[in-house]
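Enquirer: In order, the protein sequence lines correspond to chains A and B.
Numbering-wise, the working numbering puts 98 at position 98 of the first sequence, and it's gapless, one number per residue.
Numbering-wise, the working numbering puts 1007 at position 7 of the second sequence, and it's gapless, one number per residue.
None of these hints come from the bench; they were simulated from the model.
On a predicted model such as this, the values are computed, not experimentally measured, just so you know.
Just so you know, even glycine gets a beta-carbon here, dropped at the ideal spot from N, CA and C.
Honestly, I wouldn't trust all of these hints.
Stated by the list, open to error - Here's a subset of chain B near chain A, in silico, CB distances under 7 Å, partners left out:
(1) PHE1012
(2) GLY1042
(3) LEU1043
(4) LEU1090
(5) THR1097
(6) VAL1098
(7) SER1100
(8) GLU1101
(9) PRO1106
(10) GLY1107
Stated by the list, open to error - The calculated DSS-like cross-link candidates involving lysine-lysine, where the alpha carbons are at most 27 Å apart (straight line), are:
(11) A:LYS2 x A:LYS42
(12) B:LYS1083 x A:LYS2
(13) B:LYS1057 x A:LYS45
What the hints assert, rightly or not - Among chain B residues calculated to face chain A with C-beta under 10 Å, some are:
(14) LYS1014
(15) TYR1033
(16) GLN1041
(17) PHE1088
(18) GLN1102
(19) TYR1103
(20) VAL1112
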Amino acid sequence: RKEVEQDPGPFNVPEGATVAFNCTYSNSASQSFFWYRQDCRKEPKLLMSVYSSGNEDGRFTAQLNRASQYISLLIRDSKLSDSATYLCVVTDSNYQLIWGAGTKLIIKP
Amino acid sequence: DGGITQSPKYLFRKEGQNVTLSCEQNLNHDAMYWYRQDPGQGLRLIYYSQIVNDFQKGDIAEGYSVSREKKESFPLTVTSAQKNPTAFYLCASNTGTVNSEQYFGPGTRLTVT
């Protein structure tokens, strides 16, 4: 079983739709959780950290379910510019980052 | 502007040659990291360094070497012992504290034939 698992996609979504990504992790001791965004052939960039109480940043909402060991990312009113690969990241026992393979999102006009 | 630079962006080498990838940061970060990314896979940690003159192996260190003689610089050498070196290599840095965001350089795409 992979340490961090994501649906590889791609998710093909019309502009303006709402899209949700899920990510499961295997290490119950993980303490920190993040979503990064990676554009094609570019470096990853932090989209948002994920807090236990859930957090929202504009059209983006992240949630954490420790009991079921998954995190989610919701994008509302999707834009063409949201097209990218979304990477789920958790920390291991040594606080090193463990990366998921990413979910590719394609927003269509 | 502060940031991380990696050079070159694209690199081509013949099999059997060692090659060194450059990574420089002016963010005054203590910790630096090297990752490898292959198509359809997540980033995998090669080496990391929490402080000057010290570094640790990551999950896939075999066939690679690093040095950290200066805070700003963390070069990665891909040796001929690395069996499958063609990949996208990403350097990152952060303050080294828990929950600290990692900032990435633009990456080097290495092709070995």
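Enquirer: Now tell me, hint by hint, if it's right for this structure.
Expert: Quick rundown of the hints versus the structure:
1. Look at PHE1012 (chain B): its Cβ only gets to about 16 Å from chain A, farther than 7 Å, so that hint breaks.
2. At about 3 Å, the closest approach between the beta carbon of GLY1042 (chain B) and any beta carbon in chain A falls short of 7 Å, and the interface hint on this residue holds.
3. Evaluation of the LEU1043 (chain B) hint against chain A yields a held restraint, the C-beta minimum of about 4 Å falling below 7 Å.
4. For LEU1090 (chain B), the suggested interface contact is upheld, since its CB lies about 6 Å from the closest CB of chain A, less than 7 Å.
5. Nearest Cβ of chain A to the Cβ of THR1097 (chain B): about 9 Å, over the 7 Å cut. The hint is violated.
6. Checking VAL1098 (chain B) against chain A: minimum C-beta separation of about 5 Å stays under 7 Å; hint holds.
7. Hint on SER1100 (chain B) is violated. Least Cβ distance to chain A is approximately 9 Å, over the 7 Å limit.
8. Annotation: GLU1101 (chain B) was flagged as interfacial toward chain A, and the flag holds, the nearest CB pair being 5 Å apart, inside 7 Å.
9. The closest approach between the C-beta of PRO1106 (chain B) and any C-beta of chain A is roughly 6 Å, which is under the 7 Å cut-off, so the hint is satisfied.
10. About 5 Å separates the beta-carbon of GLY1107 (chain B) from the nearest beta-carbon of chain A, less than 7 Å, and the hint is met.
11. The straight-line distance between the Cα atoms of LYS2 (chain A) and LYS42 (chain A) is roughly 24 Å, inside the 27 Å bound, and the hint therefore holds.
12. Proximity of LYS1083 (chain B) to LYS2 (chain A) is assessed by CA-CA distance (about 23 Å); at most 27 Å being required, the pair is judged to hold.
13. Under the criterion of a C-alpha separation no larger than 27 Å, the hint pairing LYS1057 (chain B) with LYS45 (chain A) is consistent with the structure, at around 24 Å.
14. A cut of 10 Å between beta carbons decides the hint on LYS1014 (chain B): the least distance to chain A is about 24 Å, and the hint is violated.
15. Look at TYR1033 (chain B): its Cβ gets to within about 8 Å of chain A, closer than 10 Å, so that hint holds up.
16. At a threshold of 10 Å, the smallest CB-CB gap from GLN1041 (chain B) to chain A is about 5 Å, leaving the interface hint in force.
17. The beta carbon of PHE1088 (chain B) is positioned within 10 Å of a beta carbon in chain A (closest approach about 8 Å), and the interface hint is therefore held.
18. Interface restraint check: GLN1102 (chain B) against chain A, minimum CB-CB distance 7 Å, threshold 10 Å, status holds.
19. Interface hint status for TYR1103 (chain B): upheld, as the beta-carbon distance to the closest one in chain A is roughly 8 Å, under 10 Å.
20. Look at VAL1112 (chain B): its Cβ only gets to about 18 Å from chain A, farther than 10 Å, so that hint breaks.
The structure shown violates the earlier hints numbered 1, 5, 7, 14 and 20.
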